[in-house]
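J.: Residue numbers (this note's numbering), protein chains in the order written: chain A, 1 to 481; chain B, 1 to 481.
It is possible that some hints are incorrect.
Same chains, same label: a pair holds when it works inside one copy or across any pair of copies.
[Stated by the list, open to error] Straight-line alpha carbon distances no greater than 25 angstroms define the calculated DMTMM-like cross-link-like pairs of lysine to aspartate or glutamate that follow:
hint, residue 1, residue 2
1, Lys-26, Glu-459
2, Lys-26, Glu-455
3, Lys-26, Glu-443
4, Lys-26, Glu-105
5, Lys-26, Glu-464
6, Lys-265, Asp-235
7, Lys-26, Glu-461
8, Lys-76, Glu-149
9, Lys-150, Asp-282
10, Lys-114, Asp-95
11, Lys-114, Asp-102
These aren't lab readings, by the way, just hints derived from the structure by calculation.
2 protein chains.
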Amino acid sequence: MTTKDIYVAIIGAGTAGLSARSEVAKVTDSYRVFDPGPLGTTCARTGCMPSKAFLQSAHDYHRREAFGALGLDGAKDVQAIGSAVLAQTRELRDDLAGGVVDGMESWQATHLVKETAAFTADGTLRAGDAVFRPRATVIATGTRPVVPEKWRDALGDRLLTTETFFDMPDLPARIAVIGLGPVGLELGQALARLGVHVTGFDPSPMQGGISDPLLQEHLEESIGREMQIVQANADLSLASDGSVTVSWEDGEISVDRVLVAIGRKPNTDTLKLDCAGVMLSDAGHPDLPPGQLNVPGTSVYFAGDVSGGPALLHEAADEGRVAGFYAARMKDATFSRRVPLRIVFSDPQISSAGETFETLQEEGDSIAMGSASFSSAGRARLARDSGGVVRIYAEKATARLRGAAMIAPAAEHLGHLLAFAICNRAQLQDLLRMPFYHPTHEEVLRRAIRAALAECQVEQEALEGTRCHDTPVDAPADKTT
Amino acid sequence: MTTKDIYVAIIGAGTAGLSARSEVAKVTDSYRVFDPGPLGTTCARTGCMPSKAFLQSAHDYHRREAFGALGLDGAKDVQAIGSAVLAQTRELRDDLAGGVVDGMESWQATHLVKETAAFTADGTLRAGDAVFRPRATVIATGTRPVVPEKWRDALGDRLLTTETFFDMPDLPARIAVIGLGPVGLELGQALARLGVHVTGFDPSPMQGGISDPLLQEHLEESIGREMQIVQANADLSLASDGSVTVSWEDGEISVDRVLVAIGRKPNTDTLKLDCAGVMLSDAGHPDLPPGQLNVPGTSVYFAGDVSGGPALLHEAADEGRVAGFYAARMKDATFSRRVPLRIVFSDPQISSAGETFETLQEEGDSIAMGSASFSSAGRARLARDSGGVVRIYAEKATARLRGAAMIAPAAEHLGHLLAFAICNRAQLQDLLRMPFYHPTHEEVLRRAIRAALAECQVEQEALEGTRCHDTPVDAPADKTT
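All chains, please: the whole structure from these sequences, using the hints.
T.: What follows is the structure in structure tokens.
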């Protein structure tokens with residue numbers, strides 16, 4: 001067996017790995033990408049793509065409840081066909097995943113090794129029958145859903161994860177969703193909207209990843225109307241009639257299927273990274289300094305959620321490109337992470353930008369908060385939307401925007417706007433100088449910004465920056481009638 | 001008849017007048033607002049509010065065409081009931097207009113004069129039996145739809161404007177829309193979606209106010225699928241069978257109703273402004289210097305679309321507040337207008353921010369343009385959206401964002417983001433440093449930004465700002481396999 005010297009080995013052809021490859025290929029052809037398949041990225045195969053296709057059907061179906069108020073007849077004749085919803089989800093998923101694979105065509109034959117790769121005792125990388133000696137390695141093997149072994153053993157195919165959920169031939173009548181982070185919340189609400197009886201379980205009040213109590217309250221109220229939410233740890237067992245028994249401190253229910261969405265664990269167990277000088281934590285994560293993607297003193301780079309970060313495409317793509325860029329140059333991969341942006345595609349949507357209520361707690365009184373409700377706002381009423389609430393966090397001393405969180409219609413867009421503002425170190429006054437068109441959800445954002453600004457210790461501008469400051473203004477005229 | 005001296009007279013209790021009042025009332029109680037009614041602002045009574053309520057029904061109804069692809073049955077059983085759509089539109093309109101009137105309660109009894117006001121030869125202001133001598137006057141009388149006299153005479157109530165449109169008891173079978181600016185385009189498309197046979201007429205290719213030929217092309221293609229668009233001047237006459245004949249250079253059609261949306265004219269004809277030293281143009285507009293709201297040398301201030309600006313609530317509110325602020329202080333009302341933002345609530349929506357293709361023409365080659373299509377983008381495909389296109393305008397020399405225009409899903413939100421960026425004098429690179437979540441329409445915007453940046457004469461950053469510039473980077477490794 002000959003050993004081939006290469007500049008860069010990229011293990012994993014997901015979003016991070018493919019992004020790394022694109023940077024590596026700009027400077028050298030001496031690289032290989034290792035992936036045993038199935039190809040097509042987590043995003044396209046089991047993540048964003050199928051979930052958003054599925055959610056779209058659910059949210060469109062739910063919309064019929066506004067038909068009467070809008071002057072449209074026939075809402076009761078609209079039916080969601082579970083098998084058809086799942087079939088179209090798979091069709092779109094396969095098409096999008098196929099597109100990813102098509103994008104690999106120019107280099108696949110020469111640079112893709114369709115094998116599982118692992119380090120060996122002598123520091124080489126073995127993949128099937130081939131052995132490589134890479135100068136640098138990018139680990140981009142991603143993660144997989146966490147499922148307690150005893151649940152998997154007891155429940156068999158009654159237990160679903162995002163890996164299997166979209167392959168169901170039809171929707172079950174009753175489902176329990178274990179874990180109400182973004183994935184559990186999105187799919188749980190969608191299932192409920194499609195007519196499935198859904199019970200969601202999570203011991204934490206941070207459903208959808210929200211730490212602000214004002215938003216938690218609103219979330220419980222709005223999404224809690226559609227699915228039952230139990231704030232507890234659940235246990236699962238198989239009942240004699242073939243159903244699944246979900247039990248918790250205060251109760252017990254029977255369901256047909258269980259979706260387990262309690263987190264993901266890194267695909268690092270078979271890599272034998274210790275042979276490359278990299279020690280992993282018990283959870284399987286490398287110990288990376290903040291803002292660095294390679295283990296100090298090694299040329300092993302990590303990109304994507306494998307290293308413990310969020311399973312978000314845009315961050316995985318960033319990390320992949322940064323890791324690839326530096327791996328090709330054998331330099332430490334330091335980088336500035338973008339301003340955090342999180343979106344949950346529930347309805348109303350949830351989003352947060354920048355710092356969170358939780359991370360700002362330690363700054364206590366120095367943070368101004370302003371909130372506004374979407375419920376009675378013009379646009380939400382016109383659109384027959386379900387309302388929502390937004391909260392803005394800013395520095396009292398400077399009025400600089402630090403973060404924001406919301407449950408709101410169009411939260412994905414408002415979140416992008418605020419993320420850009422934070423990214424540009426904007427003060428609240430800067431935001432108030434922009435135009436706010438009528439009637440839009442952005443107008444509600446403005447109310448929250450004004451409320452936060454009112455708490456700040458900065459001079460409040462008259463007329464929000466539209467006044468031309470070249471013109472001198474006297475003291476106000478006296479108050480006489 | 002006694003003459004009452006007051007500090008400020010505000011003529012018109014619409015958006016601009018009410019905004020002026022709020023600023024005036026902060027410094028003096030010596031003011032009056034004159035309005036013969038009906039009260040409730042153009043926005044709430046005949047503008048944004050009823051039109052958006054009407055559009056919501058149309059767009060929701062249209063959405064049924066995606067049901068099959070989404071796994072939802074029964075689309076063919078959904079019916080738009082024209083009379084019900086109009087009834088809910090009026091209900092929401094009346095409720096929102098009522099809310100405006102309720103907001104006037106605290107000062108209405110003491111400060112509102114429900115009469116038409118006009119200046120007299122001696123410079124006083126007469127309103128019914130009362131006479132006032134204001135130190136300053138804010139003219140906020142708004143505009144009304146332009147309708148050629150001969151059309152009105154010939155067609156009677158077959159001719160509609162936004163003043164009468166929403167009071168129709170039911171939808172006509174066939175309608176001609178004369179004028180395809182934002183109003184004509186929005187209502188024309190909505191009517192078509194609700195099952196009315198619509199033919200739209202406009203001699204200009206700038207439908208929806210769009211000057212960029214790339215967007216014009218897309219608009220014709222997308223909205224032209226739903227309603228017939230004739231690029232010509234139309235003439236109207238009453239046929240013997242009671243229908244309306246619409247004739248133009250190349251043809252003639254019969255319709256049941258005509259919506260005339262060819263512009264608005266200022267309500268200045270009965271004010272006798274010459275008595276206050278203000279000369280008006282033939283079109284009825286005052287001659288105001290750029291960025292100033294009072295006629296130089298006079299204490300007559302103009303706020304809102306009466307002075308010839310766009311009929312947009314947020315600009316009317318700005319002008320009202322600025323005019324009121326300075327009228328109360330007897331100072332020249334100079335101000336910095338916000339970055340322009342225009343939104344048409346068609347589907348796809350149309351929006352533009354900052355400068356336009358038209359205004360940038362004179363800068364010729366110094367402007368970089370980058371565009372991107374929404375058609376094949378992940379999110380548009382997942383949402384079964386109808387696609388769209390966005391174009392970004394930037395300064396080649398500096399990569400500073402100057403403007404943008406788009407026909408796109410969520411264009412209202414992307415427009416706000418870009419308006420904020422322009423407002424903050426952002427460069428394209430600043431925008432590329434923000435997070436772009438997946439899958440969102442913002443990702444398409446990023447493609448257009450990148451395309452524009454590629455045309456700029458600035459250094460292209462590796463890794464779009466995520467690379468930490470503290471780390472030195474050698475020249476790329478050599479290209480060896």
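J.: Does each hint hold? Answer for all of them.
T.: Results for each hint:
no., hint, verdict
1, Lys-26 to Glu-459, "between (51 angstroms within a copy, 18 angstroms between copies)"
2, Lys-26 to Glu-455, "between (50 angstroms within a copy, 21 angstroms between copies)"
3, Lys-26 to Glu-443, "between (45 angstroms within a copy, 23 angstroms between copies)"
4, Lys-26 to Glu-105, "within (16 angstroms within a copy, 68 angstroms between copies)"
5, Lys-26 to Glu-464, "between (48 angstroms within a copy, 16 angstroms between copies)"
6, Lys-265 to Asp-235, "within (20 angstroms within a copy, 70 angstroms between copies)"
7, Lys-26 to Glu-461, "between (50 angstroms within a copy, 15 angstroms between copies)"
8, Lys-76 to Glu-149, "neither (43 angstroms within a copy, 48 angstroms between copies)"
9, Lys-150 to Asp-282, "within (20 angstroms within a copy, 85 angstroms between copies)"
10, Lys-114 to Asp-95, "within (21 angstroms within a copy, 64 angstroms between copies)"
11, Lys-114 to Asp-102, "within (15 angstroms within a copy, 70 angstroms between copies)"
Violated hint: 8 only; the structure is consistent with all others.
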